[in-house]
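**Student:** Go ahead and model the full structure; you've got the sequences and the hints to work with.
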Amino acid sequence: MPLAGIVHGTMTRFVLRRLLFAFVTAWAVVSVTFFLLRLAPGGPFDGERPLPPAVEANLRAAYHLDESLPRQYLRYVASVLRGDLGPSFRQRDFSVNELLGRGLPVSLAVGGAALSLALGVGIAAGAWAGWHRDAPSDRVVALLATAGLAFPPIIVAPVLVLVFAVALRWLPAGGNDTAVHYLLPAVALGLPYAAAFARLTRGGVIEALARPHVQTARAKGLPKSRIFLRHVAPVAALPALSFLGPAAAALLAGSMVVEEVFSLPGLGRYFVQGALNRDYTLVMGTVIVYAGLVLTFNFLVDLGYSRLDPRIRHA
93 MPLAGIVHGT MTRFVLRRLL FAFVTAWAVV SVTFFLLRLA PGGPFDGERP
143 LPPAVEANLR AAYHLDESLP RQYLRYVASV LRGDLGPSFR QRDFSVNELL
193 GRGLPVSLAV GGAALSLALG VGIAAGAWAG WHRDAPSDRV VALLATAGLA
243 FPPIIVAPVL VLVFAVALRW LPAGGNDTAV HYLLPAVALG LPYAAAFARL
293 TRGGVIEALA RPHVQTARAK GLPKSRIFLR HVAPVAALPA LSFLGPAAAA
343 LLAGSMVVEE VFSLPGLGRY FVQGALNRDY TLVMGTVIVY AGLVLTFNFL
393 VDLGYSRLDP RIRHA
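Reminder that position 181 of the sequence shown reads as 273 in our numbering, one-by-one numbering, no gaps.
Source of the hints: derived by calculation from the structure; they are not laboratory data. For glycine and all other residues, C-beta sits at the position ideal for the given N, C-alpha and C. Any given hint might turn out to be false.
In silico SDA-like pairs for lysine to any residue, Cα to Cα no more than 25 Å straight-line [stated by the list, open to error]:
(1) K316 x H305
(2) K312 x L333
(3) K316 x A342
(4) K312 x G204
(5) K316 x V306
What follows is a list of derived Cβ distance ranges for each label pair [as the list claims (entries may be wrong)]:
(6) G204 x V364: 14 to 24 Å
(7) G212 x P338: 11 to 21 Å
(8) P250 x E190: 27 to 37 Å
(9) L111 x P338: 40 to 50 Å
(10) E190 x F391: 41 to 51 Å
**Tutor:** This is how it looks when you write it as C-alpha cells:
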C-alpha cells in the first residue's frame with residue numbers, strides 16, 4: 093500500500109476517533125447538566141410571591157414539567173438534536189435560541205480579542221525571552237508573566253475600570269457600542285493567558301535551542317532568522333498549541349465575570365440570570381453552547397498538533 097494511502101487512512105481514523113469522543117462528551121455534558129438542574133432545590137416558577145396552585149399547574153403542563161424525569165429528558169434531547177433549545181421559562185417572549193443568538197456575538201468578540209492579545213503578546217514575549225535566556229529582558233518577561241498569572245480577571249477588571257475609565261477617563265467603563273468598549277474587557281480577560289503563553293513559549297524555545305541539530309546550525313553560522321523559523325519555532329509552538337484549545341474555551345467561559353463588570357450583554361450574563369432564576373432551558377442552552385465551543389477548539393487544536401507532530405496521530 094502506498095505511503096500516501098497509509099497516512100491518509102491514519103489521519104481519517106484519527107479524525108473519526110476525535111469526532112466520536114466529542115459526540116460522547118457532548119452527550120455526557122447535556123445529560124449531567126439536565127439531571128443536576130432538575131435535582132437542585134427550587135424551580136423556575138418559584139418567587140417571592142407564590143403562584144396560585146392552578147396557575148403553577150398550568151405553567152408546568154405548558155412546559156412539560158409535569159411529566160416524568162426520563163420523559164422530560166428524552167423530549168429535551170430530541171429537541172436539541174433538531175437545533176431547538178426550547179423556550180425560556182422566565183423570559184417568555186423569547187426562545188433560548190434568540191437569547192443566545194444575541195449574547196454569543198458579544199462573547200465571541202470579547203473572547204476573540206482577548207485570545208488575539210494573549211497570543212500576540214504572550215508568544216512574542218516568550219520567544220524573545222527564550223532566545224535571550226538569562227538576559228535582563230528575560231528576567232523582566234519572567235517577572236511580568238508571574239505577576240500576570242497571579243491576578244485573575246476578577247481582580248484586574250475593576251482595577252482597569254478604576255484607573256482608565258474613572259481616574260484617567262481615557263476609555264469607557266462599560267457597554268458595547270463601539271470597538272473601543274471591548275478594549276478593557278479584552279485586556280482584563282487576556283492578560284493571565286498572555287502570561288501563560290509567554291511561559292510556555294519561553295520553555296519551548298529554550299528546549300529547541302538545546303537540541304543537537306539546532307546547536308550545530310548555530311555553530312555553522314546560519315542566519316538567526318532561518319534557525320528560528322526553520323528549527324526553533326515549530327518545536328517551540330507545540331506547548332503553546334496544546335494550551336490553545338483549553339485557553340480559547342476558558343476565555344469564553346471566563347468572560348462571565350468580565351461581562352458582568354463591564355455590563356456586556358454576552359452569554360455570561362444570560363448564564364448568571366438563568367442560574368439565579370432557575371431557568372432550566374436558558375442554563376442548559378448556555379452550557380451546550382460553551383461545551384460546543386470547547387469541543388470545537390480542542391478538535392481544531394488536535395488537528396493542528398497532529399500536523400506539527402505526526403507522532404500524535406500514530407500513537
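**Student:** With reference to the structure, classify each hint as holding or not holding.
**Tutor:** Okay, the hints, checked on the actual structure:
1. A threshold of 25 Å between alpha carbons decides the hint, and for K316 with H305 the separation of about 14 Å falls inside it, so the pair holds.
2. Restraint check for K312 and L333: the C-alpha separation of about 30 Å exceeds 25 Å, so the hint is violated.
3. Our distance criterion of 25 Å between C-alpha atoms is broken by K316 and A342, whose separation comes to about 35 Å.
4. Pair hint K312 plus G204 does not hold up; C-alpha atoms about 42 Å apart against a cutoff of 25 Å.
5. Taking the CA atoms of K316 and V306, the gap is about 11 Å. The hint holds against a cut of 25 Å.
6. One distance hint, 14 to 24 Å for the beta-carbon pair G204 and V364, holds here, with the actual separation near 21 Å.
7. A C-beta distance of roughly 19 Å is found between G212 and P338, which places it inside the suggested range of 11 to 21 Å.
8. At about 31 Å, the beta-carbon gap between P250 and E190 stays in the expected band of 27 to 37 Å.
9. A hinted range of 40 to 50 Å for the beta carbons of L111 and P338 is inconsistent with their spacing of about 19 Å.
10. Our hint of 41 to 51 Å for E190 and F391 is violated, since their Cβ atoms are close to 27 Å apart.
When the structure is compared with the earlier hints, violations turn up for hints 2, 3, 4, 9, 10 and for no others.
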